[in-house]
Amino acid sequence: MMWLLDALLAGWLLSLMSGPLGSFIVWRRMAYFGDTLAHSALLGVTLGILLDVNLNVAIVLCAVFIALILASLQRQHFIPSDTLLGLMAHTTLAAGLVTLSLVGNVRIDINGYLFGDLLAVNRDDLIMMAIGAAVVLVILSRMWKGLLAATVSEELAQVEGYPVARLRLLFMVLLAVVIAGAMKLVGVLLITAMLIIPAAAARPFSEGPKKMALLATVLSMVAVLVGLTLSYQFDTPAGPSIVLTCAFLFVLSQLGSKWFVPKAG
Amino acid sequence: MNDYLLQLRNASYAHQGRTLLSGIHLDVNAGEIITLIGPNGAGKSTLLKMALGLLPMTEGQRISRPGLRIGYMPQHMHIPDTLPLTLKDFLRLAKGFQPDQLDRVCQRLSISGLLSRPMQRLSGGELQRALLARALLSSPQLLVLDEPVQGLDVTGQSELYALIAQLKDELNCGVLMVSHDLHLVMAATDRVICLNGHICCEGHPQSVQQDPSYLQLFGKSVPAHLVPYTHHHDHTHEDGCDHTHAHDHQHDHDTHKHGDVEADSGERP
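Top to bottom, those sequences are chains B and F. Residue numbering for the first sequence is 0 to 264, as defined by numbering that gives the first Met the number 0. Residue numbering for the second sequence is 0 to 268, as defined by numbering that gives the first Met the number 0.
None of these hints come from the bench; they were simulated from the model. Since the structure is predicted, the reported quantities are computational estimates derived from the model, not experimental observations. A portion of the hints provided could be inaccurate.
A few chain B residues facing chain F, derived, Cβ under 7 Å [to be verified]: (1) D5; (2) W26; (3) S80; (4) I138; (5) L139; (6) S140; (7) A148; (8) V151; (9) E154; (10) E159; (11) G160; (12) V163; (13) F204; (14) G207; (15) M211.
Glycine included, each C-beta is placed from N, C-alpha and C at the ideal position.
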């Protein structure tokens, strides 16, 4: 039972980060960007093993590196952004899988990284995640106004004197931290779901950006609790169970918005 | 010049090998309204973005007064439906926002009653005033307005221009704005710059109207003081040319001999 409690705590710590950051992902239309960073996380893991550095640190560094490459590639105009993101996502995933197979002497559970492995959540991970969540929330609350201003209009924010480029970079770093944290819980392939589904479900009931971030966090925590319980009860994989619960909450929210929220008009 | 806010010296901008603007000299001073006019594709918005420091210029220099506070009203503002944002939320995002300013600015622009309305549900005119309010909230020394009256009817346009002139006096700020129609903006303008890839002519609105290069670009229309609003599509072709208006104009001056003007065709560059 202890592992279940650890998993629950880890999930809730993740929710604290993914609620607000996921809202920004939705507002900034960066779902595919998040997906690409998530896919690159596996490459981060293998590089971490190869170079013998802390895996969380390796994932974050790798994701930031990929984000920088993407930013520089997006300056050219011949390949559209979504193509570029798909290209990077699958290239990094393939590179991760290939390098992983080349690291012969370590036995690694690839499935665990792709779909999450709750049994692998230990106390050290919990402490790492708690620190990560604290750092992310402090930084995010300090950059909130500037990041929101840049989300509404990057040009206007820049003219007003917000450090737009630095905010964008910082946002990517925070995203990388969340992805590193989410990897053990839901796995590389499902991380984006944790970011965007609770935020999307929160939208109809939110009158302001802060409310939406808060509600997304709460919905995400509910999904973690329910998903883990179901997973324990029916012996289903935890990550997918959590994501399915998120999706269920989203459907409820869509139905609920029809009945409880007055139509905008 | 002691009062200068912003200067561009010999500024040029080229994109993918095509020169869009060249040899621009621009002085913006406090207490002065400068209006940029020119046909579509003349580089009005590009010049504005260079002045704002948003576009790196290919050549030349941008000199601004140290610590210059700019209030910017962009041409477009699309707020995605996914972002729940009331007008009040939007205004509070202004850098250096001071709550005690909010009431005053909102009353000045008559948007106090709209504060709790989602940004996505503002009408065109309301959005223009909201953007102007946001620009004012940063206590600007320089207001940069990219087509501030677009989407307004003629009455609304005159009112907004008059308001901009009043605000300039109240704040003693400089104003640099883009306009499509010289006639309406004349009363509220100290200096007009006629742009078409370079500065064709500049000066007092009346004198610019007499300038040959202005006439070449905009044609000889009915004098502004007789008719408040002239629509330029009523040109005739005395030379009997039978071209269709396919709007594939090269913006060479020579092709505009017949007084054709796309400046008010409602397209956005």
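How the hints compare with the structure:
Residue-level restraint check for D5 (chain B) is violated (minimum Cβ-Cβ distance to chain F is 34 Å; threshold 7 Å). Proximity of W26 (chain B) to chain F holds as hinted, the smallest CB-CB distance being about 4 Å (cut-off 7 Å). Nearest Cβ of chain F to the Cβ of S80 (chain B): about 16 Å, over the 7 Å cut. The hint is violated. Using the Cβ-Cβ criterion of 7 Å, the hint placing I138 (chain B) at the interface with chain F is not satisfied: the shortest such distance is roughly 19 Å.
For L139 (chain B), the suggested interface contact is broken, since its CB lies about 16 Å from the closest CB of chain F, more than 7 Å. Taken as an interface hint, S140 (chain B) does not check out: its beta carbon lies about 15 Å from the nearest beta carbon of chain F, beyond 7 Å. The closest approach between the C-beta of A148 (chain B) and any C-beta of chain F is roughly 4 Å, which is under the 7 Å cut-off, so the hint is satisfied. Contact between V151 (chain B) and chain F, as hinted, is supported at the beta carbon level, the nearest pair being about 6 Å apart and thus within 7 Å.
Hint on E154 (chain B) holds. Least Cβ distance to chain F is approximately 6 Å, under the 7 Å limit. Using the Cβ-Cβ criterion of 7 Å, the hint placing E159 (chain B) at the interface with chain F is satisfied: the shortest such distance is roughly 4 Å. For G160 (chain B), the suggested interface contact is upheld, since its CB lies about 5 Å from the closest CB of chain F, less than 7 Å. With a cut of 7 Å, the hint placing V163 (chain B) at the interface with chain F is violated, because the nearest CB-to-CB distance is about 10 Å.
Hint status for F204 (chain B): violated, given a least beta-carbon distance of 9 Å to chain F, over 7 Å. At about 6 Å, the closest approach between the beta carbon of G207 (chain B) and any beta carbon in chain F falls short of 7 Å, and the interface hint on this residue holds. At a threshold of 7 Å, the smallest CB-CB gap from M211 (chain B) to chain F is about 6 Å, leaving the interface hint in force.
When each numbered hint is compared with the structure, violations occur for hints 1, 3, 4, 5, 6, 12, 13.
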